[in-house]
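> For reference, the chains in residue letters:
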Amino acid sequence: MTLTSRALWRDARRHPWQWILAVLGVALGVAVVVAVDLANHSASRAFGLSLEAVSGKATHQIEATGPGGLDEALFTRLRMAGIRPSAPVVEGHVRVDGETFPLLGLEPFSEAPFRSHLTGVLDPAARELVSRPDTLALSRGLARRLGVEAGDSLTVTAASGRHVLRVGAILESSAPGVEGLLLTDIATAQVLLGRVGRLDRIDLILPEGSDPDALLAGFLPPGARVLETGAREQSARQLTRAFHINLTAMSLLALLVGGFLIYNTLMFAVLRRQALLAALRTLGVTRAEIFRLVLLEATVLALLGGVPGLLLGLLVGQGLVHLVTRTINDLYFVLSVTGLHVSPWLLLKGLGLGLGAAWIAALAPAWEAARTRPREGLRRSGLERRAHRLMPWLALAGVALILAGYALVPASQGLVAGFIALFLMIMGYSLLVPLGVWLLSRLLARPLGGVLGITGRLAARGLGAALSRTGVAVAALTVAVSATVGVGIMVDSFRTTVQGWLGHTLQSALYVTSPAPGDERAGSLLPEGVMERVGAVAEVAAFSTGRRIRVASSHGDVDLFVMDPAPASFEGFRFRAGSPAQAWPRWQAGEALLVSEPFAWHHRVSVGDELKLHTPKGERVFPVAGIYQDYGSQQGVVLMARDLYEQLWDERRVGSLGVYLAPGVEVSTGVEAVRRALADLPESSGPVLVTAAAEIREASMEIFDRTFAITHVLRLLTVGVAFVGILSALMALQLERAREHAVLRATGMTAGQVTGLVTLQGALLGLAAGLLAIPLGMMMADVLIDVINRRSFGWSMQQHVPPGVLVEAVWLAVIAALLAGLRPAWRMGRVRPAQALREE
Amino acid sequence: MTDSPLIELHAVTRRYGEGQQARRVLDRVDARVMPGEIVALLGRSGCGKSTLLNLISGIDLPDSGRVLVEGLDIARLDERARTLFRRHRIGFIYQFFNLIPTLTVAENVALPLELVGRRDGGEVARLLDRVGLAGRGDEDPDRLSGGEQQRVALARALIHAPSVILADEPTGNLDAETGAQVMDLLKGLVRGQGATLVLVTHSAEVASVADRVWRLTDGRIHDQRDETP
Chain A
1 MTLTSRALWR
11 DARRHPWQWI
21 LAVLGVALGV
31 AVVVAVDLAN
41 HSASRAFGLS
51 LEAVSGKATH
61 QIEATGPGGL
71 DEALFTRLRM
81 AGIRPSAPVV
91 EGHVRVDGET
101 FPLLGLEPFS
111 EAPFRSHLTG
121 VLDPAARELV
131 SRPDTLALSR
141 GLARRLGVEA
151 GDSLTVTAAS
161 GRHVLRVGAI
171 LESSAPGVEG
181 LLLTDIATAQ
191 VLLGRVGRLD
201 RIDLILPEGS
211 DPDALLAGFL
221 PPGARVLETG
231 AREQSARQLT
241 RAFHINLTAM
251 SLLALLVGGF
261 LIYNTLMFAV
271 LRRQALLAAL
281 RTLGVTRAEI
291 FRLVLLEATV
301 LALLGGVPGL
311 LLGLLVGQGL
321 VHLVTRTIND
331 LYFVLSVTGL
341 HVSPWLLLKG
351 LGLGLGAAWI
361 AALAPAWEAA
371 RTRPREGLRR
381 SGLERRAHRL
391 MPWLALAGVA
401 LILAGYALVP
411 ASQGLVAGFI
421 ALFLMIMGYS
431 LLVPLGVWLL
441 SRLLARPLGG
451 VLGITGRLAA
461 RGLGAALSRT
471 GVAVAALTVA
481 VSATVGVGIM
491 VDSFRTTVQG
501 WLGHTLQSAL
511 YVTSPAPGDE
521 RAGSLLPEGV
531 MERVGAVAEV
541 AAFSTGRRIR
551 VASSHGDVDL
561 FVMDPAPASF
571 EGFRFRAGSP
581 AQAWPRWQAG
591 EALLVSEPFA
601 WHHRVSVGDE
611 LKLHTPKGER
621 VFPVAGIYQD
631 YGSQQGVVLM
641 ARDLYEQLWD
651 ERRVGSLGVY
661 LAPGVEVSTG
671 VEAVRRALAD
681 LPESSGPVLV
691 TAAAEIREAS
701 MEIFDRTFAI
711 THVLRLLTVG
721 VAFVGILSAL
731 MALQLERARE
741 HAVLRATGMT
751 AGQVTGLVTL
761 QGALLGLAAG
771 LLAIPLGMMM
781 ADVLIDVINR
791 RSFGWSMQQH
801 VPPGVLVEAV
811 WLAVIAALLA
821 GLRPAWRMGR
831 VRPAQALREE
Chain B
1 MTDSPLIELH
11 AVTRRYGEGQ
21 QARRVLDRVD
31 ARVMPGEIVA
41 LLGRSGCGKS
51 TLLNLISGID
61 LPDSGRVLVE
71 GLDIARLDER
81 ARTLFRRHRI
91 GFIYQFFNLI
101 PTLTVAENVA
111 LPLELVGRRD
121 GGEVARLLDR
131 VGLAGRGDED
141 PDRLSGGEQQ
151 RVALARALIH
161 APSVILADEP
171 TGNLDAETGA
181 QVMDLLKGLV
191 RGQGATLVLV
201 THSAEVASVA
211 DRVWRLTDGR
221 IHDQRDETP
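As you go down the protein sequences, you meet chains A and B in turn.
Every letter in the first sequence is one number past the one before it in the working numbering, and letter 296, counting from 1, is 296.
Every letter in the second sequence is one number past the one before it in the working numbering, and letter 34, counting from 1, is 34.
Next up, chain B with everything else stripped away, as it sits in the complex (with noise of 0.2 Å):
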């Protein structure tokens, strides 16, 4: 772990709707997390803490203050440069998988490669393979049960080997079993690829995969470190 952040935040403000409806779901917020950190961002529904996300992603922009990851302001990038920004650092997780039907499972795992314009060198039968789906690669993504679709999600969130992984909610679609494998199984991915994991959940048992647990209560972030005595 290196002495620079990979994400800050400097005094971000998003506000949704117009004029007295207007409301802020984050109120100049700071914060940094360092690489190779997991993070947990904990929060009621509704109070930003997926828009955190997309705004660390470059999928939204801030009202004010700076967004940077890997010292790339994102609100300066335009939306072809965000575009591949997030294609080539940012790995994505979601709570309904959003695995393209229409693509085979490998060919899932396999689409931020090309993306990126590698080739594959067997990486996605290996990572396959490491999340427990070792010749299940020819398969269609909706024969698979929910937690086998998120294990195939979480191979594409990590083919291309980015800076950034973000979980908007992993397990809230699973049982607590089978979340709390997909859970183990993330975090020794990001651990073994030094990635830094940006999570956001509903659940303390998931947080507690965290190096550091945040809490977004009135637009403002609380570290959970920082408030224990």
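Same shape as in the complex, but just chain A (with noise of 0.2 Å):
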């Protein structure tokens, strides 16, 4: 080590709190980026591998582009014309204990080519599969889970109600994907998924090269298709992309608020050392060497916090996991994470992006560490008329980068133009921050001085004295208090429009449901005679139906949303785009779709745009003649009437039924009473749910709330890095003022009034830093709620800013700064001004 580092080295162990106190923000904030990346990218592995169980080694699928599935004669006619290997599939999912597994039906004897893994160890159990019936096989993972052995039977319900199975066989395949399966033979899944006679998919292995339409040409009936694999892991995979993103998204910003920690730590510790740097530069060291030297402190922060960044973000991603995972299962697909992927490309990524923000962040402090010029670093005042001269500069720039980063919200639509927007806003902000303290601190000292005299008058224009060093805090401390308002007020607002939403589009009383999962393309679907024995109920005064399902469209696979409305639901539709008055008689005449809010942001379609779907009596063209508000799906749904969609698909089953009471009826009564109707439903046709609107609107903000508890870890995640950023600046600063302190000693202030004195400059600090955070955190909020709700979902919604979220900013600030101005605030007060003097 030279001896010009060395100086500066030392002075890190003059000073080890302030640099603990970074290598800690650096470790939080490497933490969380590796923490979310592993939760991302083990359930993504998950998933991949789930896929690949089922998939096993086919290259092509032939699937169903309707809801009903193939016949299963068509498996039969391909091997008959030498179409092999080839194997039939029925997939769908059961609930064990109140959860969800996916059951894969197998015909074990064409299985060999495709799912070696799995008929390697099937070889004895296959037999047991398909000589008796109600059988099924499971991992020894998953048997040791649900508590069963070999022999046991397990109660299983399906879409065709419960049925109790015989564990036949445990598979001690460790192959990955296994582990959350259950495996049957194809009829006994045929019976559980009610789907007799029908198949999912035939899965094919084609030669390399070959054409399959051409291959299958005159095979295929009307509604079928065939896909390679690849296309339906790439489409599962689209669905989770932006929850993907936007869970990154967050875990940098901790990165950011991280980063600017290394920033605060490392502006302070030039600007405390810029006696020593103009001694150097003096002494004929150059700036280039000076900005080497800062930026190579910073590097070794970063490696000092980024090494126990990773371990902690390993321990922190096998809690993220199963939030993720909890989500993808609430919002998306069944999906079972087993185990944490770690790789070392993620490890790597982690400590280079911890590298990567504390050189971004050590750039600034490292040019005005290298334009010390020689022998000025021992004039603060020179510093200071600087500061003041270059503030209305840097807010005007401040206010050009924020409309520049407004200008650039609307220009793009893309996920990564919106952050970079969201960025350009804050380092503007950033810039508006020393104009900010100047004028609060001009503000706040005629009231000051009236309430507590000299200490109040000090205190506040000390804030706006020394703006070369508050500037700098204040901005870094309102940031990272801003991300938290930022991100508070777009979760209050997603809450608030989705509870509004809830409470107007669930209009009827009470609903009646199926708790059997349902497969992929049918959707849930309910008992036959339901309909007819709640239309009989005396309470009940008028019900709608629904019931969705997964058709082929121009669009690819669309979820289609089947209605037919009692007269009261049409209330329960808000139109983002088109009119309500021309639209329903159109779409109840089966003239016009409507689609969802989200589906035309992802679909870009527009109200009078044509969608072409794919039906079993061949494709049909419709205009769209509305676009209506809704929550409940992500990737979007159309909206069509049953009266059409009998007509196309030959389906009168229905998944749902929302109930309207007579009126005077009661909700518990009207319960009650749908009860007693389907109460002698047959065992075999499989249960019904009964449920109130208002159970359904509670359990959907819980999962709503469920849904958004990663973004509340990862923001107490950030606010913990904001906080010893917070405790770092103040102690920096403080420890800045000892000299001005101990003059005021000197003077003759006594312990106490300087006591009161770092108190109050420390607790002034801390509120400017909280009220400069709320106008940043609104803009913040606006364009999370653009890029995160809008372009990702394609949700809109009103920002709501609730108080709470507000008084938390402030409050965090000033407790902080309170807390962090202890220490100084006790030592300056036992500190001999003669000492403080000389050490200066």
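Hints are computed from structural coordinates only; laboratory data are not their basis.
Heads up, some of the hints might be wrong.
Stretch-level coverage of chain A by chain B, calculated; a stretch enters the list once three of its residues show a Cβ under 8 Å from a Cβ in chain B [to be verified]:
#1 2 to 9
#2 285 to 294
Here are a few chain B residues that face chain A, going by a calculated C-beta distance under 7 Å [to be verified]:
#3 C47
#4 I59
#5 R80
#6 R86
#7 Q95
#8 N98
#9 I100
#10 T102
#11 L103
#12 E107
#13 L111
#14 P112
#15 E114
#16 L115
Partial pick of chain A residues on the chain B-facing surface, computed with a CB cut under 10 Å [unchecked claim]:
#17 R13
#18 R14
#19 L276
#20 A278
Note that beta-carbon positions come from the ideal geometry of N, C-alpha and C, so glycine has one too.
Please assemble the complex out of the two chains, which come individually in their own frames, going by the hints.
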């Protein structure tokens, strides 16, 4: 180590807390990024493995474009025509003990070329599965989890009702993706899922370079298509992409705050060492050498914080992966993550991001250090004059950056552009902060002087007088605190909007649904006879019917919600585009479709555009008559009238009923009456749930809060980093003022007065940061709502500013500032003035 | 001593402030210092003495005129070249010592040596011995008295054998007796190395060690030798 760098390093040893806090900030920032990355990566890998487990070595898959599935005779025809290897598959979901598991129905004798990892162990079990109906196989891990052994019975709830199955075999395979699966013979799966005689898909291994359409020409019936295996995975991955991006962005916010912490530490170190730097410059150390030294300090900080950050990230990641999986299960599809996937690349990336953030954060302090003129650093007044001269120019540049950010928002619809706009605004606002601090100090000097005398006046003026120091500190605190305000407002606005939407969308008094998990294409189904029985209940005035299916369209697979609304149901829809008065009659007549807001956003569809649907009657084109508000689906839905659906699909079954009660009938009485009417449904037809709308609202909000649990955890971690930042900034600032306080003591201020002054100065800094964080936080919320909700999911919403979040911001800043001021206040109250004067 | 001057100032002007407020601290100053000479610069506070030192060392640049050191026109060098020039040719001594508090006494002295890329072949210990601080090399500078700190500063200014030593009120922060000791030491070391010393001081006694005394008044240098009847 050269003497020049040794001179700077030893300074770190003299002020260890500054550097320890900065290292802690980097560690937390890196930990959050690594943890989120790890959770995302593990979930994504688990998803890939589970698809691999069920798809095996299939190169192509024949599947239906609608909810009915494929006729199993197609498989026989293909085999007879010599198209093999081929294997039929029935897949869906069943519930065991309230948990949902994927069910895979296979035909063991066709399986060998496809899923060798299953059939290898299935050989003895395969005979068992085929020879005895109502038998299933499952992995050793899952058997342990469900507490069953081979030969035990297991009760499952499926689309066709409740069934008791025998555990025929335990799979000892450790093949990835098998862990969460339930395996049955294809006939058993057909019975369980209510699809006797139907297949979900036929897996194929086609020779490389062959044309599947030409090969299968003449075999594929209307409503069937052949797809490459990867296409299914791709479309499922697309679903969760925005969710993963947003988590990553949230974690980067924590890193950004960590970056400010590094900036803060280095900037203070530079300011504090002005004299030292000036002496070095006089002795002939060049600007470039000083610049490199400060960057080197940042590198060491990043490495010291980065390595423990990685370890902490691995720990936090274990907790986060459960939250991520739960959200995916709540919102997208059933996923079971059995292990963390830690790749060296992921760790390198975490460390690299920490280093990158440290270098970017160190640029300004390094530049400030490099421009230190020989000897000039000894004069603080020069620095202050420069800070005051710069203040209006900085403010102007800040306004320009904020405007540039706002201009960028509508210029592009991309997520990344949105986050760049956000960054520009944060940087711009930081440049406005010194002006804000100066104005605040002028504003507060008189009232504080009136109440607290000289101590109050000194504390208020100190804010503005030492702008070169306070400006930077308050800017860093402001950004950290505003991040919590922005995220808080975003989540609260979303919650309030969803709550309002649930309020008006759940128009019915109660809902009748099936608890059995539906399959991907046909959706959940109510048993036969439910509609008739509910219609006959005296307390029921009317009901609407609904069913969600997945169909192929000109925009890929889309969710179709088929509805026969009761007269009052129309009230539940809020149109974002199109006129309800014109749209509803056309929709009811089967001439047009409606689409939800997210659907319109993702597929760039406007009112008047056309949508092509693949139906068993061939392709049909419909105009879009209106776009309505909906937060129930992230990918969006297409709304179709039931009459039209029945006509095109020849299907009459429904998935749910929304029941309106006769005037004067209490909801609880209605629920009881409907339950009584459904009590004599045959057991084999499967259970039916009758739920009051209020309960559904409650359960929906529970899912909402669960979805944002991870956001709250990340926010909490960001606040943690911010807190460390505040602490670090204030400790540095008070350290800087040691001489000023010593002069006051020497002039005759008592120890108590100096302690009070230091405490008050800390509180004022916190107050300034807290107050200045509010406008920035609101601006951030504006962009976050646009970027996260609008761009990722297509949800629009009103900004709702909860007073609690704002009070929390000011409180957080002031409390942290007071806490940070404790040690310096205690120290300054006790230090001998002569010693402090000499130390300087 | 050769015939060509080591430091030359040609019509050097330096102003501070702008417009009506502008104050000319150096006004078309011409001066030269021969190699090995010791020149003392006297004048009232704020008359431009330190500015002159800053111009010679390249820390500051003249508004007009030329400053030549060893024939090198300082104003024509870029910032990095001026820094490197200072690193190799100049040794600085300040009133408030300006030792690096985070380096030990020996490390402070060794710093210029390291900056010019030379290894310490025992010079640091020898020089510390000469300034009376033998065995104190491992101590922190703030443990030393003012006189001792200034002696460390002398050693640091001379260790890399620069051609010019610039001393800005080197005894201004010391008592008379210690100041006199430091000046004796400085003179001895400068003479021993054949360096040139430009010394800013308020004290006529300190100025007495110089070969020549300049008085700076109204932005002009008056060489007292020239004024001697």
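> Determine for every hint whether it applies to the structure shown.
Verification of the hints:
Judged by the Cβ-Cβ criterion of 8 Å, the region 2 to 9 of chain A is covered by chain B as claimed, because 7 of its residues qualify and three suffice. Residue count for the region 285 to 294 of chain A with a Cβ under 8 Å from a Cβ of chain B: 4. That meets the three needed, and the coverage hint holds. Given the 7 Å rule on beta carbons, the hint for C47(B) is violated: about 18 Å separates it from the nearest Cβ of chain A. Proximity of I59(B) to chain A holds as hinted, the smallest CB-CB distance being about 5 Å (cut-off 7 Å).
Checking R80(B) against chain A by beta carbon gives a least distance of about 5 Å; that is within 7 Å, so the hint holds. The interface hint given for R86(B) holds, since its Cβ lies 5 Å from the closest Cβ of chain A, which is under the 7 Å cut-off. Hint on Q95(B) is violated. Least Cβ distance to chain A is approximately 11 Å, over the 7 Å limit. Of the supplied interface hints, the one on N98(B) holds, with its beta-carbon coming within about 5 Å of a beta-carbon of chain A, less than 7 Å.
For the restraint placing I100(B) at the interface with chain A, the shortest Cβ-Cβ distance is roughly 5 Å, inside the 7 Å limit, so the hint holds. The restraint placing T102(B) at the interface with chain A holds, with a minimum CB-CB distance near 3 Å, inside the 7 Å limit. Nearest Cβ of chain A to the Cβ of L103(B): about 5 Å, under the 7 Å cut. The hint holds. Because the beta carbon of E107(B) sits about 5 Å from the nearest beta carbon in chain A, less than 7 Å, this interface hint is met.
Interface hint status for L111(B): upheld, as the beta-carbon distance to the closest one in chain A is roughly 5 Å, under 7 Å. Because the closest C-beta pair between P112(B) and chain A is about 6 Å apart, less than 7 Å, the hint holds. Of the supplied interface hints, the one on E114(B) holds, with its beta-carbon coming within about 5 Å of a beta-carbon of chain A, less than 7 Å. Interface restraint check: L115(B) against chain A, minimum CB-CB distance 5 Å, threshold 7 Å, status holds.
Checking R13(A) against chain B: minimum C-beta separation of about 8 Å stays under 10 Å; hint holds. Nearest Cβ of chain B to the Cβ of R14(A): about 7 Å, under the 10 Å cut. The hint holds. For L276(A), the interface hint holds, since its Cβ comes within 10 Å of a Cβ in chain B; the closest pair sits about 6 Å apart. This hint holds: A278(A) has a C-beta 8 Å from the nearest C-beta of chain B, less than the 10 Å allowed.
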